[in-house]
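Residues are numbered in the working numbering as their position in the sequence shown, beginning at 1, plus a constant of 9.
Honestly, I wouldn't trust all of these hints.
Claimed, not checked - Here are the computed lysine-lysine pairs in the DSBU-like style, where the Cα-Cα straight-line distance is at most 30 Å:
#	residue 1	residue 2
1	352	337
2	313	215
3	215	205
4	276	352
5	218	29
6	218	205
7	60	218
8	379	318
9	119	318
In case anyone wonders, no lab produced these hints; they're calculated from the structure. For clarity, every value in this text was computed on a predicted model and none was experimentally measured.
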Amino acid sequence: MIPELRVSFNRTWTADRYAKFLRDLDEAAGTHVEFRCSETPVFLPNDLLAKMVRYGQELYGQLAGNPAYRKTADTTIPPEFRVPGATEHPLFVQADFGLIREPDGSLAPKLVEIQGFPSIYAFQITLARQYQSAFSLPENLTPFLSGLEEKSYFELLRKVILNGHSPDEVILLEIDPYRQKTSPDFFVTRQRLGIKIACIRDVQRKGQKLFFEGKPVKRIYNRVIVDELVRKNVRGGFDFRDEVDVEWAGHPNWFFLLSKYSLPWFKHECVPETRFLSDIDPLPENLPDYVLKPLYSFAGLGVKIDPSKQDIAAIPLERRRDYVLQRKMDFVPTIETPSGMTKIEVRIMYVRDDSGLRAVTTVVRSGRGKMMGVDFNKNLDWVGATAGFHIE
Numbered sequence: 010m011i012p013e014l015r016v017s018f019n020r021t022w023t024a025d026r027y028a029k030f031l032r033d034l035d036e037a038a039g040t041h042v043e044f045r046c047s048e049t050p051v052f053l054p055n056d057l058l059a060k061m062v063r064y065g066q067e068l069y070g071q072l073a074g075n076p077a078y079r080k081t082a083d084t085t086i087p088p089e090f091r092v093p094g095a096t097e098h099p100l101f102v103q104a105d106f107g108l109i110r111e112p113d114g115s116l117a118p119k120l121v122e123i124q125g126f127p128s129i130y131a132f133q134i135t136l137a138r139q140y141q142s143a144f145s146l147p148e149n150l151t152p153f154l155s156g157l158e159e160k161s162y163f164e165l166l167r168k169v170i171l172n173g174h175s176p177d178e179v180i181l182l183e184i185d186p187y188r189q190k191t192s193p194d195f196f197v198t199r200q201r202l203g204i205k206i207a208c209i210r211d212v213q214r215k216g217q218k219l220f221f222e223g224k225p226v227k228r229i230y231n232r233v234i235v236d237e238l239v240r241k242n243v244r245g246g247f248d249f250r251d252e253v254d255v256e257w258a259g260h261p262n263w264f265f266l267l268s269k270y271s272l273p274w275f276k277h278e279c280v281p282e283t284r285f286l287s288d289i290d291p292l293p294e295n296l297p298d299y300v301l302k303p304l305y306s307f308a309g310l311g312v313k314i315d316p317s318k319q320d321i322a323a324i325p326l327e328r329r330r331d332y333v334l335q336r337k338m339d340f341v342p343t344i345e346t347p348s349g350m351t352k353i354e355v356r357i358m359y360v361r362d363d364s365g366l367r368a369v370t371t372v373v374r375s376g377r378g379k380m381m382g383v384d385f386n387k388n389l390d391w392v393g394a395t396a397g398f399h400i401e
């Protein structure tokens, strides 16, 4: 999207460079990266990037300043997943934006979703560094936001994730972590912060204390997605509802408190019309102009791009409060590649520190399918996970 950088990158790209990039990425991550990484990074104009950063902060500010939202959202937390000691604010926030074309030809970001659950903060920097190295990107390009660079970025992560504890007292908690596609992020987190990777099945409770590999756990960097916990019927070594002497780096309640549930509450130019399915009667005649989304799923699970009345009829009335119907946006292709114009979705990654909600970097996904997920972009090249760069 910065034309001179795009032209230069495409002109100098080679298959050998890309193959080396993938090999070096595996080596740097300390494990094989199973998900597809695109042949190209993305070059983001500063004004567009700044707008997305500001929009994400404004959106969270709307919720934080709305006591009615917090009170109502709190009722959506299932009793079996209500964790004691909820924090006033989320430690991590992610805001995902797609791009539309305005009548004047300019690009404008529109919110896809927002979440209070951590993303791939560690791996994303490794991914960006490998793009820089493999393709000799200009030195004035950076993947960092808010004036951060690599050292200060990981110092910030260390501060918020460890909160002053020794690394051997902190665990990254996941379900079968070494089988997850996001495991490269776990490996890089361990490399950078020194904390342990722990499966929820292997954490044990003794009285008010939690233990992993025989050692006490003081703080948990939580990466357990409740949706997966339910689908796989996982039994952990402790119950999330337990009153235990442990801190949470990313309190689990924010999985529900800041999620697709928030979409109908926003009043902002970047948020498409969104309503709870339970509040819609009668259904709009133009259903194909909407997207049907379950509130608490990841990676596009359960999303219907072109919903039909039959799709909605299949949802029991008592479950319709767990879905939203969102007006479909015409996200436009913006990245010129040898295989054609490609769409992107930009995730602005925030961390809460002493200064408030701070944008730190981006995660970018690219694709030419109806959605950015793997299932919608099978057998395509120049698509997948990638890194966003902007000019310092």
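Report task. Could you grab the alpha-carbon distance between residue 60 and residue 218 and see if it respects the 30 Å cut-off? Result -> 44 Å, violated
Query raised in the report: If you draw a straight line from the CA of residue 215 to the CA of residue 205, is it 30 Å or shorter?
Result: 19 Å, holds
Query raised in the report: Are the Cα positions of residue 119 and residue 318 separated by 30 Å at most?
Result: At roughly 26 Å apart (the allowed maximum being 30 Å), residue 318 and residue 119 satisfy the hint.
Query raised in the report: Keeping to a limit of 30 Å between CA atoms, is the pair of residue 218 and residue 29 held or broken?
Result: Distance ~46 Å between residue 218 and residue 29 Cα, so the pair is violated.
Report task. Verify the proposed pairing of residue 313 with residue 215, using a straight-line Cα cut of 30 Å. Result -> 44 Å, violated
Requested in this report: With a cut-off of 30 Å on the C-alpha distance, tell me whether residue 352 and residue 337 pass.
Outcome: 15 Å, holds
Query raised in the report: For the pair supplied as a hint, residue 379 and residue 318, is the alpha-carbon distance within the 30 Å limit?
Result: Roughly 20 Å separates the two Cα atoms, so the pair holds.
Query raised in the report: Between residue 218 and residue 205, is the straight-line Cα distance small enough, at 30 Å or below?
Result: 17 Å, holds
**Report entry** Restraint status (C-alpha distance of residue 276 to residue 352 at most 30 Å)
**Finding:** Distance ~26 Å between residue 276 and residue 352 Cα, so the pair holds.
Comparing the model with each earlier hint shows violations of hints 2, 5 and 7; every other hint is respected.
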